[in-house]
Structures are given as C-alpha cells and as structure tokens.
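As given, the protein sequences belong to chains A and B, one line each in that order.
Residues in the first sequence are numbered consecutively from 94, following my numbering.
Residues in the second sequence are numbered consecutively from 94, following my numbering.
Where hints are given, some of them may not hold.
Distance windows between CB atoms, simulated [said to hold, decoys possible]:
| # | chain 1 | residue 1 | chain 2 | residue 2 | range |
| --- | --- | --- | --- | --- | --- |
| 1 | A | E128 | B | E164 | 45 to 55 Å |
| 2 | B | E175 | A | E192 | 18 to 28 Å |
| 3 | B | Q154 | A | E140 | 14 to 24 Å |
| 4 | A | R127 | B | E182 | 38 to 48 Å |
| 5 | A | R167 | B | L197 | 11 to 21 Å |
| 6 | A | A174 | B | R168 | 27 to 37 Å |
| 7 | B | K116 | A | R132 | 20 to 30 Å |
| 8 | A | E109 | B | M94 | 23 to 33 Å |
Don't read these hints as lab results, they were simulated from the structure.
Being a predicted model, the structure only gives us computed values, none of them experimental.
Every residue, glycine too, gets a C-beta built ideally from N, C-alpha and C.
Protein chains: 2
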Amino acid sequence: MKRICFVLQVKKHRLEEYKLRHKQVWPEMLQALRESGWRNYSLFLREDGLLVGYLETPDFQAAVDSMARREVNRRWQTEMAEFFDLGGEHADRAITPLEEIFHLE
Amino acid sequence: MKRICFVLQVKKHRLEEYKLRHKQVWPEMLQALRESGWRNYSLFLREDGLLVGYLETPDFQAAVDSMARREVNRRWQTEMAEFFDLGGEHADRAITPLEEIFHLE
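If we strip away everything but chain A, and leave its shape as in the complex, we get (with noise of 0.2 Å):
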C-alpha cells in the first residue's frame, strides 16, 4: 500500500455545504471508490477551506483512472466543481500527491 495526500482549496463560502455534501455521498460513488482501490480514505477540512485528503492505495495512478472511467465519478466531480476555484476543472484531475517525507508503522 502506497499512502497518499493531496490539498485542495474549497470555496470558503460553501464549507458548510461542502460539508454536508459529504455526509451523503452516494453508494454507488463510495462504492466505485472501493473497486478502485481507494482505501482508508480521509478528507479534513480547515476553517479556511484548505482541504486535506489522505488515502492508502496500491497504485495511485490506477485508483485515479479507474474512477475517471465511471460515470458516477463524472456526476459527482461535475456536482462538487463548484465548491473549488478550478474554472471547472474536475478536482479529481486537479490532485498532485505530496512527498511523504517521513513515516514511522
């Protein structure tokens, strides 16, 4: 398993809405977050905005792809655009992984 982290922007004036949102992901979109590989999967949020998601995968790059092919990815990247300031760029797309720097089991 690789660890992964990423850092978005949300939109400071849809957090709480960002949030809720978030409480109700749909089945069938946690659900082709599963089949991708997608495991262990956080998302923190600062007063700010500034978003932290956090997952463990075997292959980054296959988890990413595989959910670009499903249809219940594209409904909800293309509902939650509005939250980022990407001009509409889906934020999947939008995801640059850190370096790990450190990491103790």
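Chain A is already provided as a structure; the job is to place chain B on it using the hints.
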C-alpha cells in the same frame, strides 16, 4: 483509533534540510512516538513548505501529552523550532487537528 490530520508551515528556504532531518529521526524519538500511541504517522511536504501530518491514535490529546513529558521530545522540538515561523514555540504545541468531514474504510 482516531484519525488525526494537522497542517504546519515550514520555512521555504529550509525545506531540504527539514527533509534530510526526517530521514534521520533519532531512534529514541521514534520509540517515544510509538510508546505514546502515534501509529501510521506520516508527514507530507508541499513545495511551498505546507506540511501535512497524519496519524492514527486512540486518544490524540493523550498522545501529545505523553510526548510533551519526554526529554527526547523537548530536545527534538527545540532543534526543529528553527524550521517553523512560530516565534520559537515548539511545533508539537502548535498542532490543531483539522475536522474530518469524510471517511471511507
């Protein structure tokens, strides 16, 4: 186990040295972290110095307090303080966990 994520800012001109130091964390510091309940603990660094910490622990406050009582942690944090803009405050005292808004096992 609770999942904890925190964010700090490393001085941009000290990133390489900070990374190097984390390839050589003292064995007694690693042991102190283990004994204090820090599990699956990673640090991730963005190119601009944004530092993300992720760990799993039964009780985060207890994990922090256990480290705070240890001499090895005081020595480590004193050496690390110069990498942060915290006015000399130890980074482990500046940690504020972010809100977890989503989790998938």
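Hints and how they fare:
1. As the Cβ distance of E128 of chain A to E164 of chain B is approximately 49 Å, the hint placing it in 45 to 55 Å holds.
2. Remark: the range hint 18 to 28 Å for E175 of chain B to E192 of chain A is upheld by a beta-carbon distance near 21 Å.
3. About 20 Å separates the C-beta atoms of Q154 of chain B and E140 of chain A, a value consistent with the hinted range of 14 to 24 Å.
4. About 41 Å separates the C-beta atoms of R127 of chain A and E182 of chain B, a value consistent with the hinted range of 38 to 48 Å.
5. For R167 of chain A paired with L197 of chain B, a C-beta distance near 19 Å keeps the hint of 11 to 21 Å intact.
6. The given range of 27 to 37 Å is broken by A174 of chain A and R168 of chain B, whose C-beta atoms sit roughly 47 Å from each other.
7. Distance hint check for K116 of chain B and R132 of chain A: the Cβ-Cβ separation is about 26 Å, which falls inside the suggested range of 20 to 30 Å.
8. For E109 of chain A paired with M94 of chain B, a C-beta distance near 27 Å keeps the hint of 23 to 33 Å intact.
Consistency note: the structure conflicts with earlier hint 6 alone.
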